[in-house]
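Peer 1: So the protein sequences, as listed, match chains A and B. Just add 208 to the spot in the first sequence (first one is 1) and you have the numbering used here. Just add 208 to the spot in the second sequence (first one is 1) and you have the numbering used here.
The reader is advised that the hints may include incorrect statements.
What the hints assert, rightly or not - The list that follows gives simulated cross-link-like pairs (lysine-lysine, BS3-like), each with its CA atoms no further than 30 Å apart:
1) B:302 with A:302
2) B:350 with B:361
3) A:350 with B:350
Hint data in this document are derived by calculation from the structure and do not stem from the laboratory.
Protein chains: 2
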Amino acid sequence: MAAGSIGEFELIARVFAPLAADGALGLTDDAAFYRPRPGRDLVLTKDEVVSGVHFFADDPWDAVARKALRVNLSDLAAKGAVPVGYLLALGLPKGFTVEEIDALGAGLAADQATYGISLYGGDTVRSPAGLTLSVTAIGEVKEGGMVRRGGAKAGDVIVVTGTIGDAALGLALRLDAALATRLGLSDAHRDYLLDRYLLPRPRGALAAAVADHASGGMDISDGLVGDLGKMAAASGVAIEIDADRVPLSEAAQAAVTSDPHLLATALTGGDDYELALSMPEAEAAAFLAAADAAGIGAAVIGRVSSGECASVRGDHPALADLGAGSYRHF
Amino acid sequence: MAAGSIGEFELIARVFAPLAADGALGLTDDAAFYRPRPGRDLVLTKDEVVSGVHFFADDPWDAVARKALRVNLSDLAAKGAVPVGYLLALGLPKGFTVEEIDALGAGLAADQATYGISLYGGDTVRSPAGLTLSVTAIGEVKEGGMVRRGGAKAGDVIVVTGTIGDAALGLALRLDAALATRLGLSDAHRDYLLDRYLLPRPRGALAAAVADHASGGMDISDGLVGDLGKMAAASGVAIEIDADRVPLSEAAQAAVTSDPHLLATALTGGDDYELALSMPEAEAAAFLAAADAAGIGAAVIGRVSSGECASVRGDHPALADLGAGSYRHF
Chain A
209 MAAGSIGEFE LIARVFAPLA ADGALGLTDD AAFYRPRPGR DLVLTKDEVV SGVHFFADDP
269 WDAVARKALR VNLSDLAAKG AVPVGYLLAL GLPKGFTVEE IDALGAGLAA DQATYGISLY
329 GGDTVRSPAG LTLSVTAIGE VKEGGMVRRG GAKAGDVIVV TGTIGDAALG LALRLDAALA
389 TRLGLSDAHR DYLLDRYLLP RPRGALAAAV ADHASGGMDI SDGLVGDLGK MAAASGVAIE
449 IDADRVPLSE AAQAAVTSDP HLLATALTGG DDYELALSMP EAEAAAFLAA ADAAGIGAAV
509 IGRVSSGECA SVRGDHPALA DLGAGSYRHF
Chain B
209 MAAGSIGEFE LIARVFAPLA ADGALGLTDD AAFYRPRPGR DLVLTKDEVV SGVHFFADDP
269 WDAVARKALR VNLSDLAAKG AVPVGYLLAL GLPKGFTVEE IDALGAGLAA DQATYGISLY
329 GGDTVRSPAG LTLSVTAIGE VKEGGMVRRG GAKAGDVIVV TGTIGDAALG LALRLDAALA
389 TRLGLSDAHR DYLLDRYLLP RPRGALAAAV ADHASGGMDI SDGLVGDLGK MAAASGVAIE
449 IDADRVPLSE AAQAAVTSDP HLLATALTGG DDYELALSMP EAEAAAFLAA ADAAGIGAAV
509 IGRVSSGECA SVRGDHPALA DLGAGSYRHF
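Kindly generate the complete structure, drawing on both the sequences and the hints.
Peer 2: In structure tokens, the structure reads:
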């Protein structure tokens, strides 16, 4: 069905009203209300994704919608916050189709069910360039309980969830269709990495464990080494990680084995949406157990000490690409 | 100073960190926290403005920033909500200058002071087309106290704040540089109308009075008649207004006197950002007194009855332009 055949009101009624929270009144009002639970702080975050900048213009709209939502839910998970809901400003390009907008709605609906959230409102505007999605996500923590980026303390260990570098390698494969063959990757490994780029897996299942155990935390969106540099700067500490302890997926390991310099891509590339956490060493076992129980996994990869930088130890040729094994983000 | 000479981190530190709420931690974290006051509901709204769609590409960035904020604050005022803060996703076009971004920050800072709000976070992205601002605004009402669009009841009166149609006439003047001369408008009247289009005046000063007196409410953003049609539909009532009672500014009155058909522009054009409220007749005097005390003014312009449409009474040639005096929005 052609784009011009659906107006804003029909769009809202068809696609978005079924996604609305109770307080959003079927999206027929100017605003929504939300009644916070006593003894909780709200956690607020806002990330926008833009066609041609944060995703490819030919990515399917259900995946784009889920990515927009998930990059925000990833921030909440890193803060130890349980997600509640979100608002969405949608910039629609000329010539969009009803099939595309239905796919977008289906992607949001699927993720709302997965993450237990609902829609608190938003806006639909014309976008002169391509599709844009600006999401504001709302979560809850116990009063005073938001885990901060600047909370790492000397003596803590550094823990990451899941596996690192998959999305950056997936992006490299997406940008260079011949790369998978040159690396000798299996189809399964190639598809795994491509999918990890397309669709983040926010670690909301670990929000309670983050709140219980982490002293500091952030999600890894701009690359592990650079993001740890931000954590070190925000915390006023030094962070040193061991390249050999950074967990790689089988697929990423296969790529790095084939071309050792891709380790630098894995350690510095963006879009992991895993969690980087600091915690007292005594808390690590319990957090790792929670991560294993959730089927996500986690690993201790380094330590926090007094000082003011982030560095990577290891005997890998790729580490030279980071500048003598150390990467300064600032 | 050229655009490329300022990076994202410098931009945040220079322009946005000084605007941050306490809970936003200097914008050095992934998220902000907000501790709701006991016994309050939050009111959430999100409106985006896009260059070339909601404002002119050559509008000054301080005015654009204030407009983006104010269209959201207008929604909160209509809900009877006291504003608390906002999040901002900023889409920056190639080639922006540091002077422009400083102007944007200055506009936000001025309005934060005016409206008693602060910044709870956001995002800065590249925008392939022009400047975009996606704002999520947060306000507070007493628990259960959000004034709803669907709250109008048969027997209520309809009240509007301020004056109607100024912004639509200002837009007409902006689009047709010769119009002011053809209408014989004074420079002061022309400038007044242009400014009313450029810069909305959200009626947050009346939020408490709205909460105390209104049964239903919305802000007038898409034109008085159309928006009252939405209120009638959401409330399941009929709304009839009297064209002669709709308050016009001196400047708008001068324009309509010169060309009576411009009354249709005033009654149906957008961007008023005044409030349209329903309330029991017994409450109207107190609300009007509050609006006068705030220097905003308000007027009773019509009535609510059982039925299901919005109509305009009056003996004006322009009303024929609305379709036999009645304008159906749906």
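Peer 1: Does each hint fit the structure? Answer for all of them.
Peer 2: Each hint tested on the structure:
Using a Cα cut-off of 30 Å, the hinted pair residue 302 (chain B) and residue 302 (chain A) holds, with the two alpha carbons roughly 21 Å apart. Simply put, residue 350 (chain B) and residue 361 (chain B) have alpha-carbon atoms about 22 Å apart, close enough for the 30 Å limit, and the pair holds. Restraint check: the Cα-Cα separation between residue 350 (chain A) and residue 350 (chain B) comes to about 22 Å, which is no more than 30 Å; the hinted pair holds.
Consistency note: the structure conflicts with none of the earlier hints.
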